[in-house]
Every structure is written in C-alpha cells, then in structure tokens.
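Take the given structure of chain A and dock chain B to it, following the hints.
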Amino acid sequence: DAGITQSPRYKITETGRQVTLMCHQTWSHSYMFWYRQDLGHGLRLIYYSAAADITDKGEVPDGYVVSRSKTENFPLTLESATRSQTSVYFCASSEIQGPQYFGPGTRLLVL
Amino acid sequence: GENVEQHPSTLSVQEGDSAVIKCTYSDSASNYFPWYKQELGKRPQLIIDIRSNVGEKKDQRIAVTLNKTAKHFSLHITETQPEDSAVYFCAANSNTGNQFYFGTGTSLTVIP
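Top line first, the protein sequences correspond to chains A and B. Heads up: the first sequence at position 79 corresponds to 76 in my numbering, and the numbers run straight through without jumps. Heads up: the second sequence at position 38 corresponds to 37 in my numbering, and the numbers run straight through without jumps.
Extracted from the complex, chain A is given alone in its bound form (with noise of 0.2 Å):
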C-alpha cells in the first residue's frame, strides 16, 4: 500500500478556487484513476489514464481535470472548486486488466 501516495490528506478551500489533488505510485503501473466517494454513491470514476499522456472521462468528470506527463504521477485539478465537489478523493492505480490499489485518500470541504 506504501507504492501508492496522495497528498494533501485533507484540505479545506473556498468555493471558487483552484485546488490540485496529487497522486503518485511506485509501482510503475499503467492505469490511474481518480474516484470521488460520497454517502450513498460509492465510488464514482472521474478520470482514468492507461499510460502518460493518454487520459479519459469516466463517470462524473464535469468540473474536473486531470493531467498525467510522468507514468508515477497523476494530478486533479478542481479549475473552480464548488460545494458539491466536497468529498473523499481516491486515487488507484492497476496494471493492465489487474486489481486497482488504492491510495489513503484525501478528503476535500468547499467552503
């Protein structure tokens, strides 16, 4: 579990601001993927990778975006965070057609 890190694990922002969620694994594993989890919808896909440079939308990416320019890393935007984008963010990475592993997670509050 020590192959996959996000940080910050908690941050709070105002509506209306920037705010960039990092993700980074060890494993060198082609797929990553950003889920948000809220009550009552489990995880939801926003954005997933399969190799640097090569992104795309998953379930619920309106409001979001991603980038991914080094295999180990790949970075969240909110461009203007709202209130509704208050969650849980997890991060997960996979080889190809394995078992996603999580990283800890970081839990946004839009003020």
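Honestly, the hints are just simulated from the structure, not real lab data. Treat the numbers as computed from the prediction; the structure is a model and nothing was measured. Think of the CB as a built atom: it goes at the ideal place given N, C-alpha and C, for glycine as much as any other residue. Among the hints, erroneous ones may be present.
Said to hold, decoys possible - Incomplete in silico selection of chain B near chain A, CB under 10 Å:
| hint | residue |
| --- | --- |
| 1 | 5 |
| 2 | 30 |
| 3 | 40 |
| 4 | 48 |
| 5 | 104 |
As the list claims (entries may be wrong) - From the derived model, a few chain A residues whose C-beta atoms are all more than 12 Å from chain B:
| hint | residue |
| --- | --- |
| 6 | 8 |
| 7 | 50 |
| 8 | 74 |
| 9 | 82 |
| 10 | 89 |
What follows is chain B alone, placed relative to chain A:
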C-alpha cells in the same frame, strides 16, 4: 456501460455467523470481479477477486462465487469476527478490462 447492483446495503450478524453479500452486473463482457473492504476512514482494500473462468474461489474465511449465466456474484464470510465490520464493495470490469464499476457498498456489522 456496466451497471453493478449490490445488496443488502446494511447487514448485521452475530459473531460466528456467516454473512453473504450479493451483486449483479449487466455487461456479459465483464470477466473480472474484485471485492474490496473499507474500514472507517481508510482506503478500500482488495480482499478477494475472481475471474470468469472459475466459479468459486476461497481464501480462509472468505469465498466468492460467480454465476456467469445469471450475471451475479457473491461474497461469503464465515465465522464472522468483530474485525470483519466494515463496508464491502463489489466491482466488475468494463468490456475493455481496465475500468471498474463499483456497487454502492454493504455496511457489515458483526455483533460480539
């Protein structure tokens, strides 16, 4: 896309009893079904998985069964212990193999 439904949403059992959580999926192309356990305030952790070429897999007190024809799979926990209390998520992969679709979770409480 894939739709995964999970039942029940909450489950309480006495310590030592068995617990069963059921999931159904819609995409017949799905061929990989992991189960995750999430303790309060922690990350989801993989506890067992099954691929479509087998019908059952067991790991100590945990087992998963898969019925491809009916498109459902189940998690079985025997001899439950208080430390089994957590939220459990099932998932099914997409037809490309690399995205997962998660169920909405089952909150399991094991009563000592």
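Numbered hints the structure breaks, given as an ascending list: 10
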